[in-house]
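Top line first, the protein sequences correspond to chains A and B.
When we follow the working numbering, the leftmost residue of the first sequence carries the number 1, and every step to the right adds one.
When we follow the working numbering, the leftmost residue of the second sequence carries the number 1, and every step to the right adds one.
Please keep in mind that the hints were generated in silico from the structure rather than gathered at the bench.
Be aware that a few hints might be false.
[As the list claims (entries may be wrong)] With a straight-line Cα cutoff of 30 Å, these simulated DSS-like cross-link-like pairs (lysine-lysine) come out:
1) A:K81 with A:K130
2) B:K324 with A:K95
3) A:K68 with B:K334
4) A:K145 with B:K324
5) B:K324 with A:K88
6) A:K88 with A:K43
[To be verified] Coverage of chain A stretches by chain B, computed from C-beta distances (three or more under 8 Å per stretch; other residues unrestricted):
7) 3 to 13
8) 48 to 57
9) 108 to 120
Note that the structure is a prediction, hence the values are computed from the model and not measured.
Idealized CB from N, CA, C, for every residue including glycine.
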Amino acid sequence: MELLNKVNEKLKERFYDDIESAELLYDYPVFTVNKDKVHDILKFLKEDEELNFHFLTDLCGMQTADEKQLGVIYHLHNMPKNYRIRLKTFFDINKPEVATATDLWPAANWMERETYDFFGVKFKGHPNLKRILNVDEMDIFPLRKEYPLEDQTRTDKNDSMFGR
Amino acid sequence: MSKKETTYSVNQEVIEEKEYSTLNLGPTHPATHGIFQNVLKMDGEIIHDAVPTIGYIHRAFEKLAERRPYAQITPITDRLNYCSSPINNMGWYMTVEKLLKAEIPKRAQYHRVIIMELSRIADHIICNSVIGVDTGAMTGFLYIFQWREKIYEIFEEICGARLTTNIGRIGGFDKEWSKTAWDKINDFLKEFPKGLKEFSNLLERNKIFMDRTINCGPISAEMALSYSFVGPNLRAAGIDYDVRVMNPYSSYEDFTFTVPVGTQGDTYDRFMVRQHEMWQSLSIIEQAIKKMPEGPMHADLPDFFLPPKEQVYNSMEALIYHFKIVMGETDIPKGEVYHCVEGGNGELGFYLISDGGRTPFRLHFRRPCFIYYQAYPEMIKGIMLSDAILTMSSMNVIAGELDA
Numbered sequence: 001m002e003l004l005n006k007v008n009e010k011l012k013e014r015f016y017d018d019i020e021s022a023e024l025l026y027d028y029p030v031f032t033v034n035k036d037k038v039h040d041i042l043k044f045l046k047e048d049e050e051l052n053f054h055f056l057t058d059l060c061g062m063q064t065a066d067e068k069q070l071g072v073i074y075h076l077h078n079m080p081k082n083y084r085i086r087l088k089t090f091f092d093i094n095k096p097e098v099a100t101a102t103d104l105w106p107a108a109n110w111m112e113r114e115t116y117d118f119f120g121v122k123f124k125g126h127p128n129l130k131r132i133l134n135v136d137e138m139d140i141f142p143l144r145k146e147y148p149l150e151d152q153t154r155t156d157k158n159d160s161m162f163g164r
Numbered sequence: 001m002s003k004k005e006t007t008y009s010v011n012q013e014v015i016e017e018k019e020y021s022t023l024n025l026g027p028t029h030p031a032t033h034g035i036f037q038n039v040l041k042m043d044g045e046i047i048h049d050a051v052p053t054i055g056y057i058h059r060a061f062e063k064l065a066e067r068r069p070y071a072q073i074t075p076i077t078d079r080l081n082y083c084s085s086p087i088n089n090m091g092w093y094m095t096v097e098k099l100l101k102a103e104i105p106k107r108a109q110y111h112r113v114i115i116m117e118l119s120r121i122a123d124h125i126i127c128n129s130v131i132g133v134d135t136g137a138m139t140g141f142l143y144i145f146q147w148r149e150k151i152y153e154i155f156e157e158i159c160g161a162r163l164t165t166n167i168g169r170i171g172g173f174d175k176e177w178s179k180t181a182w183d184k185i186n187d188f189l190k191e192f193p194k195g196l197k198e199f200s201n202l203l204e205r206n207k208i209f210m211d212r213t214i215n216c217g218p219i220s221a222e223m224a225l226s227y228s229f230v231g232p233n234l235r236a237a238g239i240d241y242d243v244r245v246m247n248p249y250s251s252y253e254d255f256t257f258t259v260p261v262g263t264q265g266d267t268y269d270r271f272m273v274r275q276h277e278m279w280q281s282l283s284i285i286e287q288a289i290k291k292m293p294e295g296p297m298h299a300d301l302p303d304f305f306l307p308p309k310e311q312v313y314n315s316m317e318a319l320i321y322h323f324k325i326v327m328g329e330t331d332i333p334k335g336e337v338y339h340c341v342e343g344g345n346g347e348l349g350f351y352l353i354s355d356g357g358r359t360p361f362r363l364h365f366r367r368p369c370f371i372y373y374q375a376y377p378e379m380i381k382g383i384m385l386s387d388a389i390l391t392m393s394s395m396n397v398i399a400g401e402l403d404a
């Protein structure tokens with residue numbers, strides 16, 4: 001809670017309107033930010049002397065439940081002080097573009113490629129944005145909810161038979 | 001035909017004409033210990049550039065997990081870092097327990113610590129002995145592998161499986177460990193130090209081994225951090241980051257152990273950090289056995305825990321729970337959590353978003369070696385091919401975890 005307020009104050013001071021929400025989910029402070037400012041915010045969090053989130057723990061994509069938006073989620077870590085926060089940004093699925101973080105952390109390179117591979121998020125400024133785990137010829141983004149896991153024409157696995 | 005005249009002056013820049021040869025290392029090559037492909041640009045025997053290709057054993061775990069009930073995701077985690085599956089299992093259980101806000105009895109937590117440290121030893125045995133093999137020292141590998149076999153026998157005694165263990169349940173363990181399992185653990189604790197000492201004597205101060213590994217594939221602390229290195233690889237570079245100490249889980253705060261760090265971040269340091277961690281793991285297991293508290297082996301989570309068979313046959317409620325669990329019909333509260341554990345090769349994270357249904361809405365595995373393997377081309381630039389092989393095996397890159 002302390003960390004949430006501290007980071008929130010600092011962010012609000014600098015990027016007032018771009019911080020859409022700040023909440024504590026379980027043990028993690030979570031911030032939702034404007035997608036146009038995400039690079040500036042990451043840079044600020046990384047370079048701020050007090051916060052100094054110098055370690056990119058994780059970067060992954062997600063799709064919202066209404067299937068209209070895609071999101072990118074950053075987990076940041078300040079090792080000496082053991083601060084951990086989560087940063088989220090959402091954008092329209094038809095225009096999935098967000099600035100790359102590869103210039104801040106080289107580690108973001110493959111994680112962004114993975115996010116592109118599975119969700120089709122285009123990271124502007126990424127040096128080598130192509131598929132990484134799937135084959136290059138693939139023309140869908142498999143983790144999007146519009147691609148169901150199993151063949152939907154199957155009747156033997158009909159959910160209604162299981163009372164769902 | 002005109003005659004070309006060439007004049008040379010002292011100040012003229014000499015352009016050296018070089019032709020690089022391309023070498024395809026992998027995808028299946030005995031020296032890469034897994035399915036890794038690297039297209040190398042070679043200048044003689046020196047590597048000029050490397051382009052890794054990954055994804056050969058991609059199995060769509062994150063997509064699969066979106067249709068599976070929580071208990072059935074455990075077998076998926078087995079197949080991430082298959083050298084230390086129990087750590088992955090426990091990490092996944094702890095993530096779900098965090099979401100459920102369940103309190104796990106101390107006794108179950110201590111049992112988890114024992115199983116996790118045993119699998120850490122197994123993981124490090126594989127990595128370190130393979131470093132030996134790649135330097136040409138087959139002997140250490142052959143001798144120490146019998147101890148890995150003993151650890152797998154312990155797993156077999158506890159859960160019935162050896163490699164892909166699926167050990168335990170959400171909430172703890174299904175039953176008390178058998179007497180045979182405890183006998184095997186005690187035997188292991190008594191005998192393994194001798195085996196490990198023997199292995200250390202073979203390699204640690206061995207002149208040939210040291211010449212071969214010191215300064216081989218080094219990485220600076222700064223670069224390691226920017227590439228999100230974790231685990232023994234980061235510690236070898238001199239950063240004392242260990243999830244067990246930083247964010248203790250499963251009662252790790254009850255035990256005393258040291259976190260070994262290196263200085264150079266080269267192959268030798270990575271090897272030595274793992275060697276010392278094995279000794280620390282042994283000490284943690286001994287402490288856990290000594291301090292083992294009394295109590296139940298699992299949390300009170302009837303939604304996840306198969307009730308005893310006598311109750312299933314005789315009471316309605318137990319029968320309902322039994323059916324619901326087997327069919328995976330238990331709803332999970334809404335929420336999102338990130339939980340990380342110290343896996344065999346670093347911080348293994350689970351980012352779970354639940355929308356309240358029987359399956360996760362989104363599950364992302366933070367796989368340590370997927371993230372740090374991208375520094376590999378950077379690390380092997382300008383070194384010999386045989387050193388590059390050694391660097392890869394010392395990084396403990398596991399194909400199953402890399403490709404998910």
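Verification of the supplied hints:
1. The hinted pair formed by K81 (chain A) and K130 (chain A) fails the criterion: a straight-line CA distance of about 36 Å is larger than 30 Å.
2. A threshold of 30 Å between alpha carbons decides the hint, and for K324 (chain B) with K95 (chain A) the separation of about 42 Å lies outside it, so the pair is violated.
3. For the hint pairing K68 (chain A) with K334 (chain B), the CA-to-CA distance comes to about 20 Å; that is within 30 Å, so the pair holds.
4. The suggested pairing of K145 (chain A) with K324 (chain B) holds, with an alpha-carbon distance near 26 Å, which does not exceed 30 Å.
5. Among the hinted pairs, K324 (chain B) with K88 (chain A) is inconsistent with the structure: their alpha-carbon atoms are about 35 Å apart, more than 30 Å.
6. With a C-alpha separation of about 15 Å, the suggested pairing of K88 (chain A) with K43 (chain A) holds against the 30 Å cut-off.
7. Three residues within the 8 Å Cβ limit are the bar, and the region 3 to 13 of chain A against chain B gives 0, so the coverage statement is violated.
8. Given a C-beta distance limit of less than 8 Å, the hint that chain B covers the region 48 to 57 of chain A holds, as 4 residues qualify and 3 suffice.
9. For the region 108 to 120 of chain A, the stated coverage by chain B holds: 5 residues have a C-beta nearer than 8 Å to a C-beta of that chain, and at least 3 were required.
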